[in-house]
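Q: Chain by chain, the residues:
Number of protein chains: 2
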Amino acid sequence: MLEDFKHHIAQDLPFLLDSKILVTVSGGLDSMLLLLLCRQAGLTIRVAHCNFNLRGVESDGDQAFVESYCKLHNIPIYIKSFDTSAYAKIEKTSTQIAARELRYQWFKELSAAEGLDYILTAHHLNDELETFLINLGRGTGVKGLTGIPEINGPVVRPLLPFSRKRIKEYALQEKLAWREDSSNATDNYVRNHLRHHAIPSMVAAQPATLQGLQTTQQHLRQTDKLLAIYTASLRKAYVTTRDGLQVINVSALKKHEEPQAVLYQLLHSYNFTAWSDVYELLDAQSGKQIFSETHRLVKDRDVLLLTENAVAQPTTYTWESGVSKIVGDFGTLRLDTSEIFDSTSRKEIVVDATKLAFPLTIRKWEEGDFFYPFGMKGKKKLSKYLKDEKVSLIAKEHVWLLCNDKDIVWVIGHRADDRFKVVNDTQKMIKFTTI
Amino acid sequence: MLEDFKHHIAQDLPFLLDSKILVTVSGGLDSMLLLLLCRQAGLTIRVAHCNFNLRGVESDGDQAFVESYCKLHNIPIYIKSFDTSAYAKIEKTSTQIAARELRYQWFKELSAAEGLDYILTAHHLNDELETFLINLGRGTGVKGLTGIPEINGPVVRPLLPFSRKRIKEYALQEKLAWREDSSNATDNYVRNHLRHHAIPSMVAAQPATLQGLQTTQQHLRQTDKLLAIYTASLRKAYVTTRDGLQVINVSALKKHEEPQAVLYQLLHSYNFTAWSDVYELLDAQSGKQIFSETHRLVKDRDVLLLTENAVAQPTTYTWESGVSKIVGDFGTLRLDTSEIFDSTSRKEIVVDATKLAFPLTIRKWEEGDFFYPFGMKGKKKLSKYLKDEKVSLIAKEHVWLLCNDKDIVWVIGHRADDRFKVVNDTQKMIKFTTI
Chain A
1 MLEDFKHHIA QDLPFLLDSK ILVTVSGGLD SMLLLLLCRQ AGLTIRVAHC
51 NFNLRGVESD GDQAFVESYC KLHNIPIYIK SFDTSAYAKI EKTSTQIAAR
101 ELRYQWFKEL SAAEGLDYIL TAHHLNDELE TFLINLGRGT GVKGLTGIPE
151 INGPVVRPLL PFSRKRIKEY ALQEKLAWRE DSSNATDNYV RNHLRHHAIP
201 SMVAAQPATL QGLQTTQQHL RQTDKLLAIY TASLRKAYVT TRDGLQVINV
251 SALKKHEEPQ AVLYQLLHSY NFTAWSDVYE LLDAQSGKQI FSETHRLVKD
301 RDVLLLTENA VAQPTTYTWE SGVSKIVGDF GTLRLDTSEI FDSTSRKEIV
351 VDATKLAFPL TIRKWEEGDF FYPFGMKGKK KLSKYLKDEK VSLIAKEHVW
401 LLCNDKDIVW VIGHRADDRF KVVNDTQKMI KFTTI
Chain B
1 MLEDFKHHIA QDLPFLLDSK ILVTVSGGLD SMLLLLLCRQ AGLTIRVAHC
51 NFNLRGVESD GDQAFVESYC KLHNIPIYIK SFDTSAYAKI EKTSTQIAAR
101 ELRYQWFKEL SAAEGLDYIL TAHHLNDELE TFLINLGRGT GVKGLTGIPE
151 INGPVVRPLL PFSRKRIKEY ALQEKLAWRE DSSNATDNYV RNHLRHHAIP
201 SMVAAQPATL QGLQTTQQHL RQTDKLLAIY TASLRKAYVT TRDGLQVINV
251 SALKKHEEPQ AVLYQLLHSY NFTAWSDVYE LLDAQSGKQI FSETHRLVKD
301 RDVLLLTENA VAQPTTYTWE SGVSKIVGDF GTLRLDTSEI FDSTSRKEIV
351 VDATKLAFPL TIRKWEEGDF FYPFGMKGKK KLSKYLKDEK VSLIAKEHVW
401 LLCNDKDIVW VIGHRADDRF KVVNDTQKMI KFTTI
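Just so you know, the sequences run in chain order A and B.
If you read the first sequence in UniProt numbering, its first letter stands for residue 1, the second for the next number, and so on.
If you read the second sequence in UniProt numbering, its first letter stands for residue 1, the second for the next number, and so on.
Derived from the structure by calculation, the hints contain no laboratory data.
Certain hints may be false.
It does not matter which identical chain is meant; a pair holds if it fits inside one copy or across any two.
Claimed, not checked - Taking lysine-lysine and the DSS-like style, the derived pairs with C-alpha atoms no more than 27 Å apart in a straight line are:
| no. | residue 1 | residue 2 |
| --- | --- | --- |
| 1 | Lys288 | Lys255 |
| 2 | Lys71 | Lys168 |
| 3 | Lys431 | Lys406 |
| 4 | Lys384 | Lys143 |
| 5 | Lys236 | Lys225 |
| 6 | Lys325 | Lys431 |
| 7 | Lys236 | Lys355 |
| 8 | Lys254 | Lys225 |
| 9 | Lys92 | Lys108 |
| 10 | Lys325 | Lys396 |
| 11 | Lys71 | Lys390 |
| 12 | Lys254 | Lys143 |
| 13 | Lys255 | Lys225 |
| 14 | Lys364 | Lys380 |
| 15 | Lys254 | Lys236 |
| 16 | Lys225 | Lys143 |
Note that the structure is predicted; figures quoted are calculated from it, not measured.
Based on the sequences and whatever the hints tell you, model everything.
A: This is how it looks when you write it as structure tokens:
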């Protein structure tokens, strides 16, 4: 095992040989063995131990155990105590996720502060198979089957090629001591059930299962890289970016032999799950939309628009007299007196000051709104105006109005209202500018 | 279940509704339920039952059972008895593979003879998961994880979306009778161990595993189609076909961002298993080669040559006097008298008949062979000649010689020997032609 470990480092992770390394050690079998191997391989190491305070006296026992091992072997150690439950409560997440976030955050701070190059964790081949089966059971694509990356920024997992069986055999051979984590047997039902029942049964049926997984994941990782290259060219062909939106050209996409497969490639990292609904958007009417946890996909005429889900924001702001600048979800609006009577761009308007009665309001437009477009006779429905201007569905949602009581003064960034314009006998002019 | 089955047929397999269908029925749960559903859905069916005679009286019992069911329900039935063990012995294969070959061969004959359109088999979702795990455990790529095709030529598997659990529940609800196959519990250790132990344990850990598999395989099938499209363009860029060989342009391939991944895509259907060796060929010296069960890949200067593995063939043929044509692994050679003294292509030579002493021989060239190239003074090593002519490594192995005793008359298809050429006082000329 030691020889294979050293060979793996020399072959695949040679940069570890002359780096300062932080080994993360819980005190359990896997991390204690990683620590042992790093020592035996002569790497320059320090240890980090997190006390998550989730199992009372047991947690403290783990800490004492790791501390005394490091003292005995003269390894510098960093220890940090976390109030994991409190953090989980505040962040409204599971203690597992809380522990992970706290852990990695601290590791990164520690690395920066102490000038450490890499953070080593003890994930191994059986962890890979567990993750593979969990993702399989949830429904996933190639990406979700490719496994845990061995090198992920500063985080390196040098035990990935080794099975739990080999790790345990070597630990026993070396008379290594470790702490059994009582939560292994209870936390995370799915993972533990797979670990203790399904995987041993799979290995009993096919003893080479773990090697087979390694081979399979090597092929899948390659395939995934190749797909990424192909997807980049597909993205170039079908997607443009506009004001932070992604715009997918549906009619062009439909000329590809496999439009659904292309759409999956373009969108699979945006957390959509109801893929048959996504595919139906290709032929759906304008306005149909689908939400994922983080994103939103809208059919708009001949394109699909992808945006992040907006966070709820106030939709009306009040502009008191004497205020020169107001900031909101619409951006920033500034008010100045003006010597010039007309505006030079869509980003500003000049109006007759005496026609305004503060406080003004800034609000989102609504169905039923109408205004008197500057330079035109008569009024027009705002919805019709936006349609005629070919404003996209998503851009429409970001149309804000500057209003004087009920009357629209400015469709901000689009068009001024004729009623407030500067006329021959105007005495005082005000300029509004978006910045 | 019946409603879902009918909906699945209408939605995804509507061509079955007005076709003549052969349902293959062993008498076990899955195929009896398929038969029941086809009856209930009103499809036009006939039944085929194979008696493989592998389990003595039990096999005969299965046959009688299926026969009586069909008689009761007035369904036409075809029965065929096979000597599976004898066939397996002759073909040197397992009884499982023998049974499959015999079965499909008969189904296809039957369909042709009776004018049947489709052959239905009872594979279901659990079979998919078994196959998925078997391939995973052996090491595979995307293709090997995409599952059993639902429509594969005339063979259709309408139960693929349904789990064993649903099938059994419906069978019990409908009070369907079936035969338990005692070999299920013993044959094919890996599949049965997965079926009876690993998969139930996976489902216990994650109850939605089978649905997850369905979703995953839908994504993987799409991805696989997309990859096929991309691979076709890669093939166009890097591969040419020459005399039945595929020639892969290594220096062009190396300019791709992921040469190994591309090589895998180009070659994965040719049964190679030692992929790291395959990848090493990209940088290997000329002459290095790798064999799969069916194919061979040779590095030759700046290209990789892919061919089928040659079947051993005789390497020497004897050409008796009076024979005008001889056929062998070298192709076909014809002998004619000639009125013209010189040849017009590499495919023929004209020689002085009196210089030949039958029987001639045709043999493969060997190291150490030399000849007197036509039109040149002096002799030349054949290996040097072939090198100078830039004959590829694989083409070299197909160089044959026409010899007169120990002397080379013709490096067939390449160059005549000067010693046998027609001269001023030649009385009789013979022409050899390759056809």
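Q: Hint by hint, say whether it matches the structure.
A: Hint check results:
For the identical chains of this complex, Lys288 and Lys255 are intra-copy neighbours only, at 22 Å inside a copy versus 43 Å across copies, given an alpha-carbon limit of 27 Å. Within a single copy, Lys71 and Lys168 get their C-alpha atoms as close as 24 Å, which meets the 27 Å cut-off; across copies the closest is 61 Å, which misses it. Taking CA atoms no more than 27 Å apart as the test, Lys431 paired with Lys406 passes inside one copy only; the shortest distance there is 20 Å, against 106 Å between copies. In the homo-oligomer, the alpha carbons of Lys384 and Lys143 never lie at most 27 Å apart, since the shortest distance is 44 Å inside one protomer and 51 Å across protomers.
Taking identical chains as interchangeable, the C-alpha atoms of Lys236 and Lys225 lie at most 27 Å apart whether they share a chain (17 Å) or sit on different chains (20 Å). Only within a single protomer do Lys325 and Lys431 lie at most 27 Å apart by alpha-carbon distance; the minimum there is 12 Å, versus 102 Å between protomers. With identical chains, the CA atoms of Lys236 and Lys355 are never at most 27 Å apart, being 50 Å at best within one copy and 71 Å at best between copies. Taking the shortest Cα distances, Lys254 and Lys225 sit within 27 Å of each other both inside one copy (24 Å) and across copies (15 Å).
Taking CA atoms no more than 27 Å apart as the test, Lys92 paired with Lys108 passes inside one copy only; the shortest distance there is 23 Å, against 61 Å between copies. Taking the shortest Cα distances, Lys325 and Lys396 sit within 27 Å of each other inside one copy (24 Å), while across copies they are farther apart (84 Å). With identical chains, the CA atoms of Lys71 and Lys390 are never at most 27 Å apart, being 71 Å at best within one copy and 69 Å at best between copies. Taking CA atoms no more than 27 Å apart as the test, Lys254 paired with Lys143 passes in both settings, with 24 Å inside one copy and 25 Å between copies.
Taking CA atoms no more than 27 Å apart as the test, Lys255 paired with Lys225 passes in both settings, with 24 Å inside one copy and 15 Å between copies. For the identical chains of this complex, Lys364 and Lys380 are intra-copy neighbours only, at 17 Å inside a copy versus 91 Å across copies, given an alpha-carbon limit of 27 Å. For the homomeric pair Lys254 and Lys236, the shortest alpha-carbon distances inside one copy (15 Å) and between copies (23 Å) are both at most 27 Å. In this homomeric assembly, Lys225 and Lys143 come within 27 Å of each other (Cα to Cα) both inside a single copy, at 10 Å, and across copies, at 16 Å.
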